[in-house]
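Asks: One letter stands for each residue in the lines below.
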Amino acid sequence: MMENLAIGFDLFFSFENFIAIALGVCVGVLVGSIPGLTATMAVALALPFTFNLDPVTGILLLVGVYKGGVYGGSVTAILIRAPGTPAAACTLLDGYPLARKGQAGKALTMALYASCIADFISNLALIFLASLIAGLALAFGPPEYFWLICFSLTVVISISGNSLTKGVISGLLGILISTIGLDLVYGTQRFTFDVFNLMGGVSYIPLLIGLFALPEVIDFYVKKASPIAVKGADRSRVTLSEFKKSFLSIIRGSFIGVILGTIPGAGATAAAFLSYGEARRTSKTPETFGKGEVEGVAAAESGNNGVAGATLIPLLSLGIPGDVVTAVILGAFMLQGLTPGPLMFQENISLIYAIFIGIMLSSVVLFVSGKFAIRYFSKIADIPRHILLPIVLMFCVFGSYAVQNQMFDVGVMLAFGLLGYFMMRINMAAAPFLMGFILGPLFEDNLRRSYLIAEDITIFFRSPICWIFIAFTVISLFIGIRREIRMTRARKASAEEATAS
Amino acid sequence: MTVTRRTLMGVAGAAAMLALAPSVQANDYPEKRVTIIVPYSAGGATDVLARKVAEGLSEELDETVTVENRPGAGATLGTTQAAKARPDGYTLFMGQVSSHGIAPAVYKNLQYEPLEDFEPIMHLITIPNVMVVNKESPYESVEGFLEGAQSETMRFGSSGTGSSIHLSGEMFKARTGVDMTHVPYKGSGEAVPALLSGDVDVMFDNLPSAMPHIQSGDLRPLAVTSLERSEQLPDVPTLDETGIEDLKDFSAQSWFGLLAPAGTDEEVVETLSASLGKVVSSEDFAEFADTRGATIVGSNPAEFTDFIETELDNWKTVVDEAGVTVE
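These protein sequences, in sequence, are chains A and B. Quick note on numbering: the first sequence equals residues 6 to 506 in this note's numbering. Quick note on numbering: the second sequence equals residues 51 to 377 in this note's numbering.
Derived from the structure by calculation, the hints contain no laboratory data. All C-beta atoms, glycine included, are put in the ideal place defined by N, C-alpha and C. There could be a bad hint or two in this list.
[Said to hold, decoys possible] Coverage of chain B stretches by chain A, computed from C-beta distances (three or more under 8 Å per stretch; other residues unrestricted):
no.: 1; segment: 111 to 123
no.: 2; segment: 244 to 252
no.: 3; segment: 262 to 276
All chains should be modelled from the sequences, with the hints used to inform the complete structure.
Replies: Have a look at this one:
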């Protein structure tokens, strides 16, 4: 190993590689922070620039863009409630309320700390445990996946806001919308009403922007003034006690991210929400979540960044891309004439070590560039709303259009903006809707695949992993519902006390 | 109003200019960035090829050629958008077996006509599919697999309903009459792990995505689906060579080619065809194709048109035999 490491160092240490990582991370942060431009899109846009680069330099550029993009997604989620990526939608639950309290700097800094720590842990897992945990990707068949999704869906309890009933309705609505498009097994059209653009389903970026960012804009113009104006002159910092309080959540979130990153298709969004749900469940003050709890930002960001390094595990060790971004990176490897997989560890081990060294460095670069960026990004929160919101609206339109260069997606964004505004007015949380929308198809597909494989219900109980997630689901449901009942009782009691006095 | 000689000369001159306009345009082509629409997400086989072609064309045409990914609805979304694009030579399309072979046979209400709406330029490469089983599988040959299928229902994985991987399996099923359940996944990235872990028994995967696992010994190739053996797997027979009567002339391959929207100037098509010819005959492209087990075709527009017609007929037969329908 030491000899390979030494060759890897030799391969890595070049001016071009440092520049590639630094440039990649910076471009990623910038692109990721623009609503509608996702980390995937940033990596795809950077791909042609790798054609004429050395394999190590090219791959590091893409990895840098990816990591920067994942963090960048949280910036606008916190500042203007417009998540740059679906995973960042979880960050806004507490990040945006913090920004509205005039603590955008605190939210952004905590997001950065959590992202970098999770990224670092994820990288370590990639380097030292790749071959060991690569087996996880194969141990997860449709029934295991099905129960994982069931467990993830229990998070709806944690993100339902004040009413569990409304949260569940919101989640079910999300699942319903996710069924639009072509059916996986038979390819039949569902709820497309012969609209051609709906055949591929509802695009999640316009939906995301519409659901979260647009209601804020509509609300501002309907009420002519925002009820809670963002306070200017943000000097907030993350205190040591806040960091200590959040540390356990960050570590837990990182591991959730690593595990979900290793399973192809599980994704950063589920990791962020699961990490958030766990942080709230174990918190002594769960009622502060969703109202500007800095631990909530830490949990969400550690969850989605924990995925970033880990998705490279199935790619490098098995040749299986864990998500769309790693599929693009796989493409870059192929363009360089390299085929990721078990043989790569035998044939190109020094190259892999060089990439590993660069990936470790990317966490440091992310921290430095993030620190620098926060200073300027946090000023966005100080811009008066009557100037900021028209710009947000422009971003909403641009971001939705940019996904596929079609006006139809702008219409989708507007439609879900109106739905989001309606939900806001009746105090129905939008996050469960997103969870339902993203997890719904995974739930259905894996349920149906399991049946196709076995045509027998016992397949759902075939392995210890199934039983572990069944137990997690039951426990999570039980604790969550009990806590909600207690909190509802407490709210009623305090309301009665207030009326009596 | 009097018509002066000068006016007549002016009108004649303008008419001549107008008549000559297309050829002037073609001579100057390209004057701005050219885009290749890929109907899949970035990173897949079609995207990787399109980017390689874009790189080569950029050099040949001395103009930037970029790739635009428009995925969705089994490649039909991006294909429809390409069909409706302005036929000015600045929007091209990376067609493949799905868009110009399978989809027209599978989808009832397709929004494009594969030949009427497109101007074929060049059939670039062909990639065989390979019938693979897990290394733990008891089956060492196609005959053994068919024997096993007499006593148990086999499950075959695919990268999605209507993909060439799915329909190769359906074609095998229809020809041999074996009982196989189709288990669709979202892309090869999800389907290959299912085969490796034994959730499905067999797959008719594209050679490039199966190759690393064949080389590592995790997957066992039983046969390739092309009429000729693959250079990358010289010891693996074709389905046709297995001697099984039902599988005679079995041919199901993935192919890729560049097209333009119908109505694109003939000279522009010729310019593109000539430039592409240089791209595919380069050493760099040969190496690119070789690492993927792909065969370079490099046909002219007329040959490519004939090829698409044959493919449309072939897949229609397969789809009709297999009874695969999409509403």
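Asks: Against each hint, give a clear statement of whether it holds in the structure.
Replies: Structure-based check of all given hints:
| no. | hint | verdict |
| --- | --- | --- |
| 1 | 111 to 123 | holds (count 8) |
| 2 | 244 to 252 | holds (count 5) |
| 3 | 262 to 276 | holds (count 5) |
Going down the numbered hints, you'll see the structure goes against none, and every one checks out.
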